[in-house]
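Peer 1: Quick mapping for you: the protein sequence lines, in order, are chains A, C, Y and S. The first sequence begins at 3 in the numbering used here and counts up one residue at a time. The second sequence begins at 10 in the numbering used here and counts up one residue at a time. The third sequence begins at 2 in the numbering used here and counts up one residue at a time. The fourth sequence begins at 143 in the numbering used here and counts up one residue at a time.
No lab work stands behind these hints: they were computed from the structure. Be a bit skeptical, because a hint or two may be false.
Pairs of lysine-lysine, DSBU-like flavour, derived with a Cα cap of 30 angstroms [stated by the list, open to error]: (1) C/Lys190 with C/Lys179; (2) S/Lys399 with A/Lys139; (3) A/Lys178 with C/Lys261.
To give an idea of the chain S side of the interface with chain A (calculated C-beta under 10 angstroms), a few residues [said to hold, decoys possible]: (4) Gln491; (5) Thr495; (6) Val535; (7) Trp560.
The following label-pair restraints were derived from C-beta to C-beta distances [unchecked claim]: (8) S/Ala412 with A/Phe334: 30 to 36 angstroms; (9) A/Arg16 with S/Glu564: 20 to 26 angstroms; (10) A/Glu222 with Y/Ile109: 39 to 45 angstroms; (11) C/Glu296 with A/Pro193: 49 to 55 angstroms; (12) Y/Pro170 with A/Pro193: 56 to 62 angstroms; (13) Y/Ser55 with C/Lys312: 24 to 30 angstroms; (14) A/Gly267 with Y/Ile109: 46 to 52 angstroms; (15) A/Val115 with Y/Lys47: 48 to 54 angstroms; (16) S/Arg474 with A/Thr32: 28 to 34 angstroms; (17) Y/Arg339 with S/Ala458: 43 to 49 angstroms; (18) S/Thr400 with A/Ser331: 55 to 61 angstroms; (19) A/Gly267 with Y/Ser55: 50 to 56 angstroms; (20) C/Lys261 with Y/Ile109: 20 to 26 angstroms; (21) Y/Asp105 with A/Pro170: 33 to 39 angstroms.
Keep in mind it's a predicted model, so treat the numbers as computed, not measured. Ideal Cβ placement from N, Cα and C applies to all residues, glycine included.
So you can see what is in the structure, the chains are spelled out below.
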Amino acid sequence: MSTSILSRPEGTTRSYPAYSRPLWRRALFTREFAVIALLVAVIFYSNNNVEFFDGPLTFYYLFLDIAPILLIALPMTMVIITGEIDLSVASVVGLSSVLVGQLHADAGLSIPVAGLIAILVGAVCGAFNGFLVAYVKLPSLAVTIGTLALYRGIAVGLLGTKAVTDFPEKWTDLAKKRVVEDHSFPMILVPFVVLAVLFVWMLHFSTFGRGVFEIGLNDEAAHFTGVNVARTKFLLFVMAGAVSAFAGIYYTLRFGSARGDNATGLELQVIAAVLLGGVSIFGGRGALHGVIAGVMLIGVISSAMRLENYTVNVINIVIGALLVLSVISTSFLGWAKQLWARRGRGSGPSSSETGQHRQAVAATESTNER
Amino acid sequence: ACGGSDSDGGSGSGSDGGSAGGDISVTFLPKNLGNPYFDISDAAGQKAVESFGGTYEQVGPDAASPDAQVPFINTAAQQGVNALVVSANDPEALCDALKEASDAGTKIVTFDSDTNPECRDLYVQAATSEGIAKKQVDLIADQIGDSGEVAILSAAANATNQNAWIDLMKKDIEENHPNIKLVDTVYGDDDDQTSFDKTAALLQAHPNLKGIISPTTVGIAAAARYLSTSDAKGKVALTGLGTPNQMRDYVKDGTVTSFALWNPGDLGTLAAFAAKALVDGTIKGDEGDKFDAGDLGSFTVGKDSVVLLGEPFTYDKSNIDDFDF
Amino acid sequence: MSTTDTLLLEPSAISPTKRIVGELLRSREIAVGAVLVVVVALTTIKSPDFLFSSNGWRDLLLTPSLLLLLAVGQAVVIITRNVDLSVGSTLGLTAYFTGNLFVDHPGIPIIAVFLLGLLFGAFLGFVNGFLVTFFNVPALVITLGTLYIYRGIFLSWAGSSRINASDMPSSFLDLGTKQILTIPVLTIIGLVVLALVGYYLYTARGGRELYAIGSDPDAAVLYGLPVKRRVLGAFVLCGALAGLAGVVYAARYGTVSSGAGYGMELQAVGAAVIGGVAIFGGSGTVWGAAIGAFLLVTINRALPVVGISDFWQRAVVGALIIAAIVLDRVLSARQARRLVAARDETREQ
Amino acid sequence: MPGTAPETPPEWALELRDVAKSFGAVVALRSGSLAVAPGSIHALVGENGAGKSTLVKIVAGVHRRDSGVFRLHGKDVDFGSTADSKSSGVAVIYQEPTLFPDLSVTENIFMGRQPVGRGRRIDRAAMYAEAERLFQGLGVQIDPRRPARGLSIADQQIIEIAKAISLDASVLIMDEPTAALSGVEVDRLFAVARSLRDEGRALVFISHRFDEVFALCDTVTVMRDGDYVSTDAIAETSVEQIVSRMVGREVAELFPKTPAEIGDVVLDVAGLSSTGTFHDISFSVRSGEIVGLAGLVGAGRSEIARAVFGVDGYDAGSVHLAGATVPPKKPRAAIKAGMAFVPEDRRKQGLVTESSVARNVAGVIRGRLTHAGLLTTAGENRAAGPWAGRLEVKTNALDATATTMSGGNQQKVVLAKWLATEPKLLIIDEPTRGIDVGTKAEVHRLLSDLAGEGLAILMISSELPEVLGMADRVLVVCEGRITAELSREDATPEAVMHAATARITHAAPAHTSEVTA
Ligand SMILES: Nc1ncnc2c1ncn2[C@@H]1O[C@H](COP(=O)(O)OP(=O)(O)OP(=O)(O)O)[C@@H](O)[C@H]1O
Ligand SMILES: Nc1ncnc2c1ncn2[C@@H]1O[C@H](COP(=O)(O)OP(=O)(O)OP(=O)(O)O)[C@@H](O)[C@H]1O
Ligand SMILES: [Mg+2]
Ligand SMILES: [Mg+2]
């Protein structure tokens, strides 16, 4: 090591391959791929076995239904990857819905102006969450349980028994219009695709996104390498608020009705979809294509089951079971793989594995998870 | 057969029976599942549909909100069911979905709670809103001696029919009962626990309260349960819309003197027959159209495509044992 | 203590009584309790009936008993650094199960119903705990899943039937309001449970191990604590208490429909958090969670009395939850700053 | 070239023979052997990743061996959990402290076996009394009621030791217990260890510090690459012999300090203060110069470094880098100005262990790797590859994570990451903590070379030989103040220790006057 370290010409020392596994293995053995495969399988099955599923309306309605979840899942994915959670998104949807209604009906503002103000208020709601989580350093689960009630309460309080329903046809139609006549893609997919591209870039192809992952894996180390942990989290909560508010506008226009109780319980659906899409609740892991597939999967299953005349309770059971199975399967597969590897190497005292042992190993390794 | 349901609005002429019954598919979409009121009406609807050889389905959300109802309307449109019988959680929010279903050839019947008239083919109304409102005001006035403070325990804050009744009740009280003062309206969201706790809060907040009107079956049962276990039992009157099975104990123990309701089963039956009549072309939903509703007799479509079941019926100690729903 | 060199840390030189008083004053439980007293006092000034009428007194104690049970169970689970979001569904399912017992087996002894409800809830909790511990997966995800599953099962099972007051014996329903020495029976049940669980957590090895596990699960494994068994136990306890709450629900409300317990999970977590149970485990007491439950419910009841419109109540509750956790942070930050400053002082000596 | 395992005398307290353990594809232990007699202290040494901790964890019941013999007091055992080993009389102090931060130190010691009174109630009074007795035996004063949170690493280690002692175990294993301890505490630990030995217990002591091994132990076993190498009585061996067995090759000089040309002031710190941690800290570092920051553990050196770099805030003072002011609490700004900071805790602060090597190495410079707004993995790989190569990081691919890497290797990744920023100043906290001799020499050579190229280096180290061997100038920190500044010539062990303990031993109020300029 006598030559210069800082400015040594390249190529004098050893070089490394970029990947330890071939491309197909990296692509196929992922949670994301599993969700996408399942989605394709369910669509294929439903097309052949569920009456009316291959009809022209199925995907049109499907997209209309899941659009708010798709939208909110984008920032929520990033929030969860940093290891935080936002339970208040559905309340922001409700609040934004009420604001659009009131600003339009009472203050006489046009829909775009009212919408813009609603998005700003949504961003402020997110900023309040973000401030408490990122700068006051309160646990996000507790903070957003509080704001879940607070924002919903403001929405309900502002509106009371009134429901604003007279929105200009131009706008309510737009919410349901198709991008191309006779195709299944409603207009709401346009802003979604724009946002999706933006979020994919932010999360997977920008320095900001790398910071998001690092914060989730090890926020102290991220802080030490110059990632502004607090600001990153703050911005993500702001985005979650703003996007939720946008979803609230869509909600209002799609149903032509501004109500404080719009989208009640949506937060759990969004989180379920995000987790189903392969995002780790402990942060640090996840990808947006998996999340989008996860949202679609829930939508397609619900749609197919409704066509088979199942009521909401059975659908709930299936979605809940899917969520449980999806997390169990990862740990089950890991465990099976370990067992397999050990089998292959022949027997030792370890062939009589006990739960205790697995637990200890898992615990030493589960630091990865956290 | 229950009193109040035998409509005399329209003679039994012009009925050619359920001839074209064939294979009519009718889907019932209540406000939410697990609501006893709709369980009764939908069960009767099922019986009616099966009586004319149609296929019956009941679907619905687990919470009473319009956004949760829309996917089920969409699904019905996709399936191309012949008729959809829906109780609307919001007059406006369901409209577009219903219109699309209508475009797909589905006949839309609303019952119990209406949408805007242009969004459906027919509304099967249990009783006129004026009638329902007046009935309840009369009952409470009777029970509290036509003077004192009363409060209303409603369902969801945005419930269409509830709000319409509440407005009419306010007007009626103002005009005809100057000594009655409506001091508060609270919302129990058609949830047992919330309604129960709101009743307790009403009594706390208004020590001089003399009566509670709860125009919803969930609310009145919860309020009765609270009253029956409190000091206010017998001192604070309670009336509203309730089902006999839920209210029987409270009528007998004196918590409640009397309450009102039509027969929700008849409402379901009438909605089913109306759906059938629309599907097989007997009626179009225009004013003056006549159709046959099985045991209930014949009905005529009124203004705004509304079919009226009858007037609410009053239940009290003397007659409550005659009913089982 | 003969060694006087390197003073690593100052051992407590203050007297035990002074220390205990100091600890009490700093404790979160006392702070939340004080807020509760203030709320009750203010409301009573506005409307003396809130406290002094027999109904007011009864409801003050009775209404929180349901959430109390849920919050105690939730607190135990949170202390182990887990969470149980399925308690609301468990409550609903058990309440319905309870009502059904009376329908299917008229004349069944009430104590048997309580036990069966407890067991049924414990079973549902066991399923959660088993999934969480055996597969080593995050409780939040599992219990979010079972929240949907249990409620779905509930709806499918209940279908179009519901349990009305007339389906249950009046001796059972009377429990909903019965009082012993003006204390409602259901409150007594809640308080007995609270005392038992609190006593266990404070004085039993198993209870302390729950704190250890929540404080650092990996260290607990290295230490040789029976982590899985304890966490499973916590879930079973939480489920059992939610089950008990289900029975209490049936007795108190006299009617069970599919909405029973809807959304209670967040209230239970909220009560525990307000009461000072750290969401990341390891600290807090069930006493705090219980006071948190009382505060949450009492605020809800007080708002209409003080004249806050129905519609704004939820907003006020949300604001209070936020205020509680912010206050907690401010207080602990001040304490930390004091400790740091104290270090300088010892150095200057 | 594994040596032959020791012969079995009648009564080993602990005996492991040809024990193997793999984690997936990683073979952590190929053939580990260790035999410890009762009434002796047995040293276990080896390079990073030699498998020492794995062996310990097998004895502790954390891991199960894949094969091999494991006997305790002559009986075959097979522990399924740490509870099993504990009940068999084995106490272990793990390499990383395993305390429960929310619980009191006393509960930490007695968790799971608290003294119970009537009705299986925990007897708290008895527990606190017992804890005080333990602390007294160890000669430390710690409030038995205080929570473990906020304890310094040294204090945590002391609690661990108290915990292990209180177990009354026949076999006590200590995995690098001294890594975070200062001289005084080490001496006290040794006294306790010797008295335990004299009671007839068997002790295993793992350390990278040979002076400690030779001062304390009776026998030493050497491991390399998961294999047993040799066992010798301490009296019959030497440091050189052990080192060559550990490394399996000749180790170059440990402190290859070459004089570098010292240039202009790069870092200038003036009057830095932070309540409770440090006060009035002023010093400067010139280009080409290595400045050592010495002191006892807990003196506040790391805090000073963290404040200078900006991960922590400070109350007063200023930091200048190459003439420009570095704003407080802004690591980004410090990096931009040309600062690099290798923190003391590699796993928690130095790198994101679950992230790939490439992402870690490119972590600080990724802003520069963005092209057309896009940051791609390929771009990160291109940038990271050469730096990983230059530091000879041992990994099979750039997408491997640092999770299972040995400490030395991880340290190289951290260094690669910071050198990639081409800094003007390198702050390096405990550059070789927990790193074996072979890698240590590499790191030292690297630091020396970097200084030779004009880099300014601020090095914090608790190892006196390292400070004395590498630094051009030594600053001694004691209780948050700089108590001495010594040139390379003046920096003798005595002078440094004197300044490092100045205020404790003298308790003199006029301490500032001791600072020599
Ligand atoms: N849980 C694990 N999974 C995979 N590999 C592991 C695991 N634990 C240890 N290893 C690997 O096993 C090898 C031996 O590690 P071990 O911790 O026993 O080394 P050590 O001798 O204690 O080193 P050090 O001196 O750095 O503490 C290393 O290569 C390490 O990366
Ligand atoms: N009296 C004390 N009470 C509580 N914590 C203390 C006390 N003294 C020091 N500490 C903490 O102990 C830790 C050790 O300090 P620090 O890491 O700065 O020491 P150091 O000189 O860098 O030692 P090293 O890096 O070798 O561990 C710090 O986090 C400090 O806040
Ligand atoms: Mg080790
Ligand atoms: Mg340090």
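Peer 1: Now look at each hint and say whether the structure bears it out.
Peer 2: Checked hints:
1. C/Lys190 with C/Lys179: 9 angstroms, holds
2. S/Lys399 with A/Lys139: Not satisfied, since the Cα-Cα distance of roughly 45 angstroms exceeds 30 angstroms.
3. A/Lys178 with C/Lys261: 53 angstroms, violated
4. Gln491: 5 angstroms, holds
5. Thr495: Status holds, d = 7 angstroms.
6. Val535: At about 8 angstroms, which falls below the 10 angstroms cut-off, the nearest Cβ of chain A leaves the hint on valine 535 of chain S intact, so it holds.
7. Trp560: 9 angstroms, holds
8. S/Ala412 with A/Phe334: 30 to 36 angstroms: About 59 angstroms separates the Cβ atoms of alanine 412 of chain S and phenylalanine 334 of chain A, which means 30 to 36 angstroms is violated.
9. A/Arg16 with S/Glu564: 20 to 26 angstroms: 21 angstroms, holds
10. A/Glu222 with Y/Ile109: 39 to 45 angstroms: 57 angstroms, violated
11. C/Glu296 with A/Pro193: 49 to 55 angstroms: 44 angstroms, violated
12. Y/Pro170 with A/Pro193: 56 to 62 angstroms: 58 angstroms, holds
13. Y/Ser55 with C/Lys312: 24 to 30 angstroms: Check failed, 53 angstroms falls outside 24 to 30 angstroms.
14. A/Gly267 with Y/Ile109: 46 to 52 angstroms: 35 angstroms, violated
15. A/Val115 with Y/Lys47: 48 to 54 angstroms: 42 angstroms, violated
16. S/Arg474 with A/Thr32: 28 to 34 angstroms: 32 angstroms, holds
17. Y/Arg339 with S/Ala458: 43 to 49 angstroms: 20 angstroms, violated
18. S/Thr400 with A/Ser331: 55 to 61 angstroms: At roughly 57 angstroms between Cβ atoms, serine 331 of chain A and threonine 400 of chain S fall inside 55 to 61 angstroms, so the hint holds.
19. A/Gly267 with Y/Ser55: 50 to 56 angstroms: 38 angstroms, violated
20. C/Lys261 with Y/Ile109: 20 to 26 angstroms: Holds - the Cβ-Cβ distance for lysine 261 of chain C and isoleucine 109 of chain Y, about 23 angstroms, lies within 20 to 26 angstroms.
21. Y/Asp105 with A/Pro170: 33 to 39 angstroms: Given about 56 angstroms between the Cβ atoms, the range is violated.
Hints 2, 3, 8, 10, 11, 13, 14, 15, 17, 19 and 21 from the list above are not met by this structure, while the remaining hints are.
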